[in-house]
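S.K.: Each chain, written out:
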Amino acid sequence: MTAWRKNKVYYMMLFPLVAWYILFKYVPMYGVIISFKDYNILAGISGSDWADPWYKYFEMLFKSPYFSQLLTNTLLISCYKLIFGMAPSIILAILLNESRSVRLKRWVQTLSYMPHFLSWVIVYGIAVAFLSETTGLINRWLGDLGYDAISFLSAPEWFRSVLVGTDVWKDLGWGAIIYLAAIAGIDPSLYEAAMMDGAGRLRRMWSITLPGIANVIVLLLILKLGYIMDAGFDQIFIFYNVRVYSVGDIIDTWVYRTGLEQLNFSLAAAVGLFKSVIGMALVLTANKIARRWGGGIW
Amino acid sequence: MKLKAVTAILLVASLLAACSGNKSQSENPSESPSNAPSPSASADPVKIEVMQEGSVTSADGPGFPKDDFVKKELNKKLNIDLTMTLEASEFATKINTRMAGGTPPDLMLISKDQIQSYAKNGVLLDLGPYLDKLGDYSEFVGADEVKKGVVAGKQYALPRTNGLEVGTYWIRKDWLDHLKLSPPTTVEELFNVAKAFTENDPDGNGKKDTFGITGNGISTFSPLFGAFGVTPGTTALGGSTESAPVSILKDGKVGNALYDPAMKDALTEVKKFIDAGVVDPEFLSNKGNTAKDKAFQGKFGIIYDGWSGMIKEAAVKVWKEANPNADWAQLAAPKGPNGLQFAGIDDLGPSYNLLALPKTLEKQPEKLNKIIELLNYVSTTEGNRLVDYGLENVHYTASGDTITITEQGKKENGYTFVYQFTGRPELTYLQTKFPDQADYINFEAELPRLPVVDKLVDIPEGYMKADADRFVQEQLTNFMYGKTPIAEYDKFLETLENTFSYKLYTDSVEKTVAELGLEK
Numbered sequence: 702m703t704a705w706r707k708n709k710v711y712y713m714m715l716f717p718l719v720a721w722y723i724l725f726k727y728v729p730m731y732g733v734i735i736s737f738k739d740y741n742i743l744a745g746i747s748g749s750d751w752a753d754p755w756y757k758y759f760e761m762l763f764k765s766p767y768f769s770q771l772l773t774n775t776l777l778i779s780c781y782k783l784i785f786g787m788a789p790s791i792i793l794a795i796l797l798n799e800s801r802s803v804r805l806k807r808w809v810q811t812l813s814y815m816p817h818f819l820s821w822v823i824v825y826g827i828a829v830a831f832l833s834e835t836t837g838l839i840n841r842w843l844g845d846l847g848y849d850a851i852s853f854l855s856a857p858e859w860f861r862s863v864l865v866g867t868d869v870w871k872d873l874g875w876g877a878i879i880y881l882a883a884i885a886g887i888d889p890s891l892y893e894a895a896m897m898d899g900a901g902r903l904r905r906m907w908s909i910t911l912p913g914i915a916n917v918i919v920l921l922l923i924l925k926l927g928y929i930m931d932a933g934f935d936q937i938f939i940f941y942n943v944r945v946y947s948v949g950d951i952i953d954t955w956v957y958r959t960g961l962e963q964l965n966f967s968l969a970a971a972v973g974l975f976k977s978v979i980g981m982a983l984v985l986t987a988n989k990i991a992r993r994w995g996g997g998i999w
Numbered sequence: 054m055k056l057k058a059v060t061a062i063l064l065v066a067s068l069l070a071a072c073s074g075n076k077s078q079s080e081n082p083s084e085s086p087s088n089a090p091s092p093s094a095s096a097d098p099v100k101i102e103v104m105q106e107g108s109v110t111s112a113d114g115p116g117f118p119k120d121d122f123v124k125k126e127l128n129k130k131l132n133i134d135l136t137m138t139l140e141a142s143e144f145a146t147k148i149n150t151r152m153a154g155g156t157p158p159d160l161m162l163i164s165k166d167q168i169q170s171y172a173k174n175g176v177l178l179d180l181g182p183y184l185d186k187l188g189d190y191s192e193f194v195g196a197d198e199v200k201k202g203v204v205a206g207k208q209y210a211l212p213r214t215n216g217l218e219v220g221t222y223w224i225r226k227d228w229l230d231h232l233k234l235s236p237p238t239t240v241e242e243l244f245n246v247a248k249a250f251t252e253n254d255p256d257g258n259g260k261k262d263t264f265g266i267t268g269n270g271i272s273t274f275s276p277l278f279g280a281f282g283v284t285p286g287t288t289a290l291g292g293s294t295e296s297a298p299v300s301i302l303k304d305g306k307v308g309n310a311l312y313d314p315a316m317k318d319a320l321t322e323v324k325k326f327i328d329a330g331v332v333d334p335e336f337l338s339n340k341g342n343t344a345k346d347k348a349f350q351g352k353f354g355i356i357y358d359g360w361s362g363m364i365k366e367a368a369v370k371v372w373k374e375a376n377p378n379a380d381w382a383q384l385a386a387p388k389g390p391n392g393l394q395f396a397g398i399d400d401l402g403p404s405y406n407l408l409a410l411p412k413t414l415e416k417q418p419e420k421l422n423k424i425i426e427l428l429n430y431v432s433t434t435e436g437n438r439l440v441d442y443g444l445e446n447v448h449y450t451a452s453g454d455t456i457t458i459t460e461q462g463k464k465e466n467g468y469t470f471v472y473q474f475t476g477r478p479e480l481t482y483l484q485t486k487f488p489d490q491a492d493y494i495n496f497e498a499e500l501p502r503l504p505v506v507d508k509l510v511d512i513p514e515g516y517m518k519a520d521a522d523r524f525v526q527e528q529l530t531n532f533m534y535g536k537t538p539i540a541e542y543d544k545f546l547e548t549l550e551n552t553f554s555y556k557l558y559t560d561s562v563e564k565t566v567a568e569l570g571l572e573k
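Chains A and B are the protein sequences, given in the same order.
Take 702 as the starting number for the first sequence in our numbering and just add one per residue.
Take 54 as the starting number for the second sequence in our numbering and just add one per residue.
Please keep in mind that the hints were generated in silico from the structure rather than gathered at the bench.
C-beta atoms are modelled at their ideal positions from N, C-alpha and C, and glycine is treated no differently.
Some hints here could point you the wrong way.
[Unchecked claim] In silico DSSO-like pairs for lysine-lysine, Cα to Cα no more than 30 Å straight-line:
{"#": "1", "chain 1": "A", "residue 1": "764", "chain 2": "B", "residue 2": "373"}
{"#": "2", "chain 1": "B", "residue 1": "173", "chain 2": "A", "residue 2": "757"}
{"#": "3", "chain 1": "B", "residue 1": "536", "chain 2": "A", "residue 2": "764"}
{"#": "4", "chain 1": "A", "residue 1": "764", "chain 2": "B", "residue 2": "325"}
{"#": "5", "chain 1": "B", "residue 1": "325", "chain 2": "B", "residue 2": "340"}
[Said to hold, decoys possible] One side only, chain A facing chain B, incomplete, derived with CB under 10 Å:
{"#": "6", "residue": "743"}
{"#": "7", "residue": "744"}
{"#": "8", "residue": "759"}
{"#": "9", "residue": "761"}
{"#": "10", "residue": "835"}
Based on the sequences and whatever the hints tell you, model everything.
M.R.: Spelled out as C-alpha cells, the structure:
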C-alpha cells in the first residue's frame, strides 16, 4: 500500500497505456470465438450458432489438398527472409559505424532506408523493369553476352529468390537503424582500451561491436519468430502468378482467395488463430533457449 | 495483418449491432455524409439512400458536381430525396457493417456472393411479390434476365441489363504489310503469321527482337481455345487469379469444357505456339498494362485485348507516339480445324453488381413504392436517357432513336453512370458515347462467343472452389508448357474429381441450369 502511494504518479502515467492495451489488444480477442462459430453478420458474434463440429473451419484449412504445400511455402519463405534479411542489415550497420566520413554515412543511411517506404506495387514495377524475360535490363545484358534469357518472375526455381531478394533490398537500411542505435550505446572506453592493446578494426568489430549488440540481435530474432507464419501477403499477392503457385502460394494468399469468394470470416479467423498459436509457441521456446544463454526477453 | 483488420472490423460491427439493436425499426437512418441537397419539393419528399461501389469524377473535379442535374431531375420528377453513397474502397466491409448495424441503405448494388450471404441471413426483401409492379424494369432488362436475380429459389435480387463481352486479337497491320502477309483467318495461318512476326524482322530494324502473341494470363489464348469450341476457364480479360468459367451452353445443352474431348486438341495446339517460341514467355505473369505496354513499344505484333484498351483516343496516342507507323487492327476469331470460331466467352451471369433491397422496407410501403417507381423510371426511355446522357437539349439532342451528345454533355455527363440503377442499352450507349470508335465496338460485339453459365451457379457446400480453380489453372498451364504430357489428361480429371470433389460442382451446375430453364 505504501508502495502504491509512493509511486502513485507513475501508476497514473502507466494507466493510459494499460487501458489502451486492454481496449485495443485484449478486448478484440473476444472476436476470436467466431473461428468456432458459423459467423452470421446479422446475429453478431454472440448470436451466431456454434460451428458443427467445432473445428469445422480449422478442418477446412487442414483438409485442403494444398495444406502441406502452403505450410512449407510459408515457413520456407519466412525463414529465408529472416536469415537473409537480418545478416545484411547487421553488416550494413557495422560498416556504417566504421565509416570515417560522416557525410558518406548519412547519405548511405538515407538512401538505403528509402525503399522501405515504397509500396510493393512500385517495387514489382521496378522488379519487372530489371527482371522481365523480354524487356528486363538484366535479361538484355544476358542476351548481349550471348546467354539465354532467364524467366525470373515466372520460373518456380527463381521465384523465392526474387521474393527474398526484393524484400532484403526494400528493408535493408530500415533494419540497420536499430542496430546502429545499439552500436551507439556501446561504451567508447572499450574501443579505446582495445586500441591501446593494439586491436585492429576487424578485431574490434568482432570482439566489441558484435558482442555489444548481441542482445539486440537475439531480441529482434525472437520478436520476428512470432511472425514466422506471415510470409508477406502484400508482396506475394502482387508478385505471384499461376506458374509459381507451387512455390509461392502461402497460407495468407490462400485465405484471401478462399475467403474472398464466400465472405468467410470464420475461416479467416480460424486461420489467424492457428497462425498466432504457432507464432506464440515459437516465441516462448526461443525465449527459453535464449535465457539459457542469459539473453531472453523476459 | 489482414486478419487483425478483420477482427477489428468484426468487433466494431458487433458493437454497432449491440448499440443499435433496438432502434433498427426507426424511420430512416440515412445520415451518411453525402452531399444531399435540401428538399426542394413542397409535399414531403421520400428519402431514399442508394449505396454502391465506386467513385465519380465530374466537371468540378472528383466527386459529384455542385449542380447535380440528374439527381435534381429525379428528385423533382418522383418527389423523392435521393442520397447517393459511394464507397471507393472496402465496399464489402462497409456494407456489411451497415447491414449488421441495422442501418441498411434503401437500395444497394452488391455482388452475387453478397446476395447469397445476405439471403442466407434473411436480411433481403423477397421481390417476387413486387415483380408485377416493376413492369418497365422487366421490359427494359428482359424477362429472362430478371430470373437471374433468383437466389435460393427467391427473387432476392434484380439484375441490371447485361454488359457487352469484348476482347479479340489485335494485329499490327503495318507488320503484315511489311512482310506481305494477309490477315490470318485460321489457327494455322495465325501460327504462321506469329512465326513470321518472331523470325522475319517485321519492324525492319535488322534485329531479332520481336515476338508474335501477348496478352494477360490464360485469356491470351481464348480465341485459340474458342476455335476448338472450348474455353480455358478465365473471365474474358481476366488476370491469373480469376474464377474458372467452363460450363458452356451448347446446342441447348450444358457441357463442361474440361470434359470436352476437343480440350486436349486445344491444349496441344496452344503448346505448339508456345514451343515455337512465338508467344510472350511472360504471358501468364503479365498484369495490368504490362502486355499492352510491351505491344505498344513494338515488341509484339498480336495482342488479345478489348477495343477500349486499344483504340480509345488515349491509347492510340500512346502507340502512335511510340511508333508513328504502327497500325493496330482487329482480327476476327480464327477458325479451327472443324470450322469453329469463338473470340472468347459470353458470360450469362450478371455482368455487374445486382440490385437488392433490405427486408426492413417491408414495413415502409410508401418508401418501397417510391423505390419501385424510381427503378421503373430509370428503365423508361425518358428516364434512361437522363441517367445515360443528361438533360435533353442541354447535354444531348435526340432525333428519333439517334442521340447526339452535345459539347456541354461531353464535359458534364461523365458522372451520370452511377444513376444507371437498372443498367443501360450497352451497345447503343457505347456507340453514342464513343462515336469515333463505334465500328470497332460493333465488330467486337458481333463476334461469336461461347455462352457460359458458371456465374449463375451457387457454390455447393463442401466444394472448395479456390482450391479447384487453382488446380485447374495450374494443370492446364502444365499441359500447355508440356510439363505434363497430354496423355495424362484423364488422370488430371480423375484427380479433379477425387481430390477436389469436382462432381459436387458439376452437379450444382446442372441443377441451376434446370432451375433457370436454360436447357432447351
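S.K.: Which of the stated hints cannot be reconciled with the structure, identified by number in ascending sequence?
M.R.: 1, 4 and 8
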